[in-house]
Structures are given as structure tokens and as C-alpha cells.
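Enquirer: Read off the chains here:
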Amino acid sequence: MANMAQAIRMALHYAEENLGVTDIFGEDVGMPLGGVFTCTQGLKTTWNSPLDERGIIGAAMGIAMGGGRPVAEIQFCDYVYNTIDLLKLAGNTCWSTNGDWNMPMVVRTPVGSGIRGSIYHSHSFDATMTHIPGWKVVMPSTPLDAYGLLITACKEQNPVMFLEPKALLRVKGEERIPGEPDDDRQLSKMIDAPLGDRTQWKAQWPALQEYAVPFGKGKLVREGNQVTVVSYGRTLPLCAKAAATLADEGISTEVIDLRSLWPYDWEMIKASVQKTGRVLFVNEDTEVTNFGEHLMRRTVEELFYSLLAAPKLLAGKFIPGIGLADSLEMASVPQQNDITDAIRKLAAEQP
Amino acid sequence: MSRPRLIKEASAPLQLEKELLLRIHDLMVKTRALEERLIQMYKQGHGYFWIGGPGEEAFNVPLGMLMKVGQGPDYDYLHAHYRQSGTILAFGEEPIGALRQMKNTATDPYSGGRNFAGHFSLKKYNVAPVSSPIEVQYAVAPGTAMVQKRHGGDGITIVTGGDAGTAEGDFASCLVWSTRPANPLPILIIVTNNKWGISTAGDDQHGEKHIADRAKAFGIPAKTINGNDPIESYNELKTAMEYVRKERKPYFIEAMVSRLYGHSSASGANLVGNEVDCLKQFEERLEQEGHMTRQQMDELRNRYTEDMAAAARQVRDEPQPSPDSIWKHIYAEDK
Ligand SMILES: Cc1ncc(C[n+]2csc(CCOP(=O)(O)OP(=O)(O)O)c2C)c(N)n1
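The listed protein sequences correspond, in order, to chains Z and C. According to numbering that gives the first Met the number 0, the first sequence is numbered sequentially starting from 0. According to numbering that gives the first Met the number 0, the second sequence is numbered sequentially starting from 0.
These are computed hints drawn from the structure, not numbers from a lab. Each residue gets a CB set at the ideal place from its N, CA and C atoms; glycine is no exception. Any given hint might turn out to be false.
[Said to hold, decoys possible] Taking lysine-lysine pairs in the BS3-like style, the calculated list, with each CA pair at most 25 Å apart, reads:
1. Z/Lys-87 with C/Lys-122
2. Z/Lys-154 with C/Lys-222
3. Z/Lys-154 with C/Lys-122
4. C/Lys-327 with C/Lys-67
5. Z/Lys-240 with Z/Lys-216
6. C/Lys-248 with C/Lys-222
7. Z/Lys-154 with C/Lys-67
8. C/Lys-222 with Z/Lys-87
9. C/Lys-279 with C/Lys-123
10. Z/Lys-87 with C/Lys-327
11. C/Lys-123 with Z/Lys-216
12. Z/Lys-240 with Z/Lys-269
[As the list claims (entries may be wrong)] These stretches of chain C come out as covered by chain Z in the derived footprint (C-beta under 8 Å, 3 or more residues):
13. 27-34
14. 50-63
15. 160-174
16. 184-198
17. 302-316
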């Protein structure tokens with residue numbers, strides 16, 4: 000099965016062939032590298048931009064205004080911060096012009112910990128991004144969802160922030176992308192650029208089919224009736240694993256992959272919390288003014304009388320960065336054990 | 000030399016055809032009357048904030064006249080500054096739209112009562128929305144120019160902004176992105192230099208002699224021109240636009256202009272005595288050379304002043320946007 004980087008590449012290939020994507024660009028996005036995480040190798044509309052994040056977001060906006068369909072990449076989300084006013088501008092353009100202009104653009108950026116990236120290659124961006132109205136914000140946790148969400152993103156008339164959990168980019172999926180060959184090695188031969196001289200290399204794309212994951216629809220990853228866990232990105236598979244472990248202890252956990260942060264699937268969360276009465280939100284952005292806090296606030300306001308325990312948030316520590324040493328990174332963002340413990344505790348809590 | 004030379008730098012004979020001179024003049028007067036009406040509306044409490052371009056008509060009007068106006072990459076894109084009513088009127092916009100924006104009525108054609116005066120947006124004419132953060136348009140403009148370069152034809156992208164704002168990184172971005180050897184862009188980069196940030200003098204801030212010199216470092220043909228002279232502006236803009244249209248490469252103009260009413264209502268919006276008034280200067284020349292009489296010019300001014308007053312009265316009675324309209328147009332599918 001394809002990994003997430005390959006899935007993103009295939010979605011972009013599909014989008015430039017079928018959905019009118021005109022420019023896939025950013026720092027080192029074009030040949031010879033095809034992106035520092037290889038997500039853009041072998042695509043036909045890629046090009047390398049200057050090392051200028053403001054220029055990248057600005058150009059994407061201009062291309063979108065000119066009738067093109069750009070997919071811009073910011074090499075690490077840690078570097079998107081110096082474009083924050085442009086993100087605000089892209090998000091408010093439709094509104095501020097009373098619907099005159101719209102911005103069909105996609106920005107992709109890798110987020111989160113998991114590659115020992117130290118202080119400037121480990122940050123999360125979900126809290127900041129969901130604070131900017133006018134954007135749609137998504138974060139897949141599987142290759143198939145990455146493929147499907149990116150295809151939907153490339154059809155949007157609005158700006159979309161596509162957050163790529165970098166810890167999961169090399170993880171193979173459990174579901175096949177429609178059109179991908181059965182044999183992983185064969186897929187790799189077809190679409191992974193060889194090491195060394197790549198000047199003559201061309202990708203051989205499989206006959207991919209359209210598969211669009213709608214925005215605003217979560218995925219019920221596991222059914223359960225005692226505790227609800229809502230997560231996305233890197234922490235989602237950890238939550239699923241925790242739920243499986245706890246099932247052996249007799250704790251029944253429902254796991255929701257939010258996938259789409261804005262708009263998000265409140266109906267799915269609501270139905271689940273009404274069933275279980277207990278909810279844990281998990282992500283790895285810093286915990287103060289965290290997107291999970293918004294979900295908690297809504298849970299308290301709307302579902303208070305369904306709750307059997309106080310809703311919980313398990314998130315990254317509120318510290319200025321993630322230190323390089325393994326021990327520092329592990330202590331800074333939720334790990335497998337933290338999640339298992341948190342669910343176990345919540346399941347045991349009595350009113 | 001029998002005629003008295005009133006203005007030194009403007010003493011050469013007017014080189015354009017009479018008809019063109021009169022059109023430029025007409026639009027300059029119309030723009031001035033509009034801006035003065037906007038200021039009056041603000042002062043009478045019919046608007047919260049005024050910012051605009053009285054003093055920049057001699058540059059902005061020719062710019063609008065020379066633009067290829069329409070929608071899509073075959074036409075020119077304008078990534079404008081907030082002082083460009085003259086440009087908008089020059090390609091045929093009705094001034095009442097600006098008054099509606101000042102009064103933030105539901106009928107405001109540029110933002111539906113959401114944005115400040117001078118913040119135009121006209122997709123049908125490729126006018127990108129003017130936005131309050133200074134200089135961001137310089138980061139966006141290369142994008143439309145890229146689309147135009149690929150599209151072919153002779154449409155170009157025009158970006159304008161103030162001198163103080165060139166300290167922002169977006170200005171450097173524009174120079175870098177417009178001149179990548181992989182893809183030089185058809186873009187006319189303009190800085191209107193009125194020598195001021197809000198109250199901060201340019202002399203305090205700019206180490207470079209001319210802002211245009213920064214473009215030269217990128218190999219962009221660059222000129223500093225007298226933007227208070229509509230003839231010089233017209234001719235220089237024409238040359239510049241022809242170059243960009245044909246060569247599909249950037250060109251840079253720094254236009255020295257006046258700021259007749261200060262920065263904005265934030266600094267009082269009162270007439271500043273020591274700035275050159277481009278309209279007055281132009282009218283003296285038109286009169287000297289026998290193109291118009293003082294009486295004709297006064298009549299024109301009065302007519303536009305009355306038109307604007309009538310339009311302002313009309314706008315006063317128009318409805319404010321409804322409170323629940325805040326939820327409209329957050330996303331494009333709401334259209
Ligand atoms: C990014 C940003 N910082 C600060 C401001 C506040 N501000 C508005 S106008 C202005 C001065 C702009 O001067 P200049 O670029 O020379 O243009 P001018 O108004 O003189 O035409 C400032 C500082 C702003 N609008 N945007």
C-alpha cells in the first residue's frame with residue numbers, strides 16, 4: 000500500500016491531470032528533489048520558488064486571482080508563521096469584497112513532531128490555522144484520506160490549508176488508493192524518483208481514480224460505548240491503538256478521526272458523546288488556546304447534561320519548542336502511554 | 000519668451016493632443032471633487048475614516064486611462080494602493096460607488112459596507128481588493144503576472160504602493176519574484192513617493208537615494224518621474240506599459256507625488272499648504288496655452304462639485320447592511 004507521501008503525490012498528479020491544478024510550487028518542490036518529504040516528485044507543474052514564504056503565499060493568491068489553481072507548499076509549518084497576515088488576507092478576501100473575489104488555492108505544509116526535528120521542525124499549526132476564518136483546514140491520518148482530502152481541496156473555490164502530519168508521511172496505509180497497483184515495490188518503481196541523477200527520470204503514473212473525501216465529515220475509526228476519543232493527524236493512530244489495548248482490559252472506546260478541522264463534524268462528536276458520556280480530545284499542538292479547547296467548550300455548552308465526567312484535553316505542553324533529545328520530545332507531546340493512561344482514567348472516573 | 004513662466008519644471012509646451020489633455024483634466028477635476036466630497040462626508044459624520052488620493056490625480060488618472068480594462072489574464076490587473084480613486088474613475092467607474100463605501104451602505108459596490116474608503120475591489124475590471132496592510136499587494140501581484148505570462152497576449156500586472164511601505168519585505172519579494180531568471184514577469188512595479196509615512200519623513204528612513212535604485216539592482220529598467228505632471232506621467236507610463244506588454248519583463252516607476260490633505264482623517268484631512276497642487280499647476284498650463292479658459296475650468300469644477308453633492312445626498316438615504324449579513328460570503332459557495 001502507498002504511504003502518505005506517495006498518496007499526496009498521486010492526488011496531486013490526479014489534480015493536475017483532471018482538476019485544473021496549474022502550479023505546484025514552493026521551496027525545493029520541483030526537480031531534482033521533489034520536496035524535502037518527496038511529496039511532489041515527478042509532477043508536471045512543479046517549480047522551485049525563492050526561499051521566501053511571504054512570496055509563496057502571495058504568489059499563490061495572485062495565481063488564484065488570475066484564474067490559475069495553485070498548490071503551494073511551505074517546507075515546514077514552523078515557517079508559515081511569517082505569512083500570517085497574508086493567510087488572514089486570503090481568508091478574508093471573499094468576505095471583505097462582499098463575495099466579489101474568491102481564492103481557490105491550496106497550501107500544504109508538514110506539521111507536528113515525530114522526526115526529531117527540534118525546535119523549528121516540530122511545531123503544530125492546527126490551533127493557529129483554525130483561528131483564521133475563511134479557510135478550510137484539514138489534516139489526514141491515513142494515506143487514503145490524504146488522497147481523498149487533497150482531491151477535495153483541489154476542487155474548492157476557497158483557500159484550503161492541508162496539514163500533513165510528518166510522522167505519518169512514511170507510514171503505509173491499510174487501504175488501497177483507487178488505481179494504485181497491488182505490489183508496493185512496483186508502485187515505488189513507478190513513482191519514487193531514483194537516488195542520484197534524476198534528469199532522465201519520469202514518473203509512470205498508475206491509472207488513478209477520483210476519490211474525494213468531503214470536508215466536514217469525520218471518520219468513525221472504532222466503535223465503543225464508554226469513552227469517546229476525538230483526534231487527528233499523528234495522534235490518531237495512537238488513539239486507535241490505545242483503544243485496542245484497552246478493549247482487552249474491558250474498556251470500550253469510540254475513536255473519531257476528525258480529518259477536517261474546519262468545517263468539522265460536530266454531529267459525529269455529539270452523537271458519540273451522547274452515547275458514551277465521556278470524551279477526550281487529543282492533539283499535539285500546545286495546550287493553551289488549543290483547537291481541542293474549542294471542542295471542549297462546545298461540548299460543555301451543548302452536551303453538559305449528557306456528560307458523566309468532565310471532558311479532557313490531552314495536548315502538547317505549553318513550552319516554546321520541542322527539544323531535540325528524545326527524552327525532551329517524548330515529554331513534550333502526547334505519546335502512546337499518555338493516551339492510554341488518559342482514556343483509562345477517564346473511563347474510571349465516576350460522577 | 001513672451002509668456003511668463005509660472006512653473007519652472009512644467010514650462011515645456013504641453014505635448015499631448017488637445018482632446019487628450021482635456022480628458023485628463025476632466026478626470027482630474029472629477030477625482031478631486033470626489034475626494035473633497037469624501038472628506039466633507041467624513042467631517043460631517045457620514046463616514047468613520049477617510050483615506051484617499053487628492054494630490055495624486057496627475058499620476059493616477061493617466062494610469063487608469065492607459066490600462067487595458069477587462070476581466071481575466073488578457074487584460075491588465077491592478078493591485079492598487081488606497082489612494083487611487085483617479086485610476087478607478089479613469090476607467091469608467093461611477094464616483095457614487097466611492098461615496099457609498101464612505102457611508103458604508105449595503106449598496107457599497109466594493110465591500111458592501113465592510114471596508115474603508117478607497118478600498119476598491121472590482122473583479123470585472125481585474126482590480127484586486129485593496130487591503131489595509133501596507134504593501135501586501137507587492138507579494139500577491141507576481142501571481143497574476145505569472146498567469147498572464149503563461150497565458151500569452153499583452154495583458155500586464157500593475158502594482159502600486161507608497162514609499163514608506165517599501166521597507167516591508169513584500170516589496171523585496173516583488174523585485175525577487177519578478178526577475179527570477181527562470182521566469183521574468185510582465186509587471187509594472189510602481190511606488191508613489193509622497194515622501195511620508197503617516198508622520199514619518201522619508202528623509203529619516205530611506206538610505207537609498209531613489210527607491211527606483213533598488214529596482215536597478217535587479218536589472219529592472221527604472222525611472223523616478225514627476226508624478227505631479229500629468230503629461231510626464233502619461234508619457235512615462237505609456238513607455239513603461241508598452242515595454243512590459245511587449246517584452247514580458249518588469250519595469251519600475253517611482254512617481255514623486257503630493258499628499259495634499261495629509262495622510263488620512265487620522266492626521267486631520269486638512270489641506271496642506273506647502274505641497275504642489277498638480278491640478279492647479281496643470282490648469283495654469285492649460286490656460287497659458289489657450290486650451291481652456293478659467294471660466295470653463297471653474298464651470299467644470301462647479302458641475303462636478305454639485306454632482307458629488309447630489310450623489311452624497313442620495314447615498315445618505317440608502318440602507319446600512321443588515322446585521323445578519325455578517326455571515327454572508329465567508330466562503331465562495333455562499334455567492
Ligand atoms: C503592515 C502595516 N503596518 C502599518 C500600517 C499603518 N499605516 C497605514 S498607512 C501607513 C503609512 C504608509 O506610508 P506609505 O507607504 O508611504 O504610503 P502613503 O500613505 O504615504 O501613500 C501606515 C504606517 C498598515 N496599514 N499596515
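Enquirer: For each hint, tell me whether it holds in the structure or not.
Expert: To see whether the hints hold, each was checked on the structure:
no.	hint	in the structure
1	Z/Lys-87 with C/Lys-122	holds (20 Å)
2	Z/Lys-154 with C/Lys-222	violated (43 Å)
3	Z/Lys-154 with C/Lys-122	holds (21 Å)
4	C/Lys-327 with C/Lys-67	violated (32 Å)
5	Z/Lys-240 with Z/Lys-216	holds (22 Å)
6	C/Lys-248 with C/Lys-222	holds (15 Å)
7	Z/Lys-154 with C/Lys-67	violated (31 Å)
8	C/Lys-222 with Z/Lys-87	violated (34 Å)
9	C/Lys-279 with C/Lys-123	violated (33 Å)
10	Z/Lys-87 with C/Lys-327	holds (17 Å)
11	C/Lys-123 with Z/Lys-216	violated (35 Å)
12	Z/Lys-240 with Z/Lys-269	holds (23 Å)
13	27-34	violated (count 0)
14	50-63	violated (count 0)
15	160-174	holds (count 3)
16	184-198	violated (count 0)
17	302-316	violated (count 0)
In terms of the numbered hints stated before, the structure departs from hints 2, 4, 7, 8, 9, 11, 13, 14, 16, 17, listed from lowest to highest.
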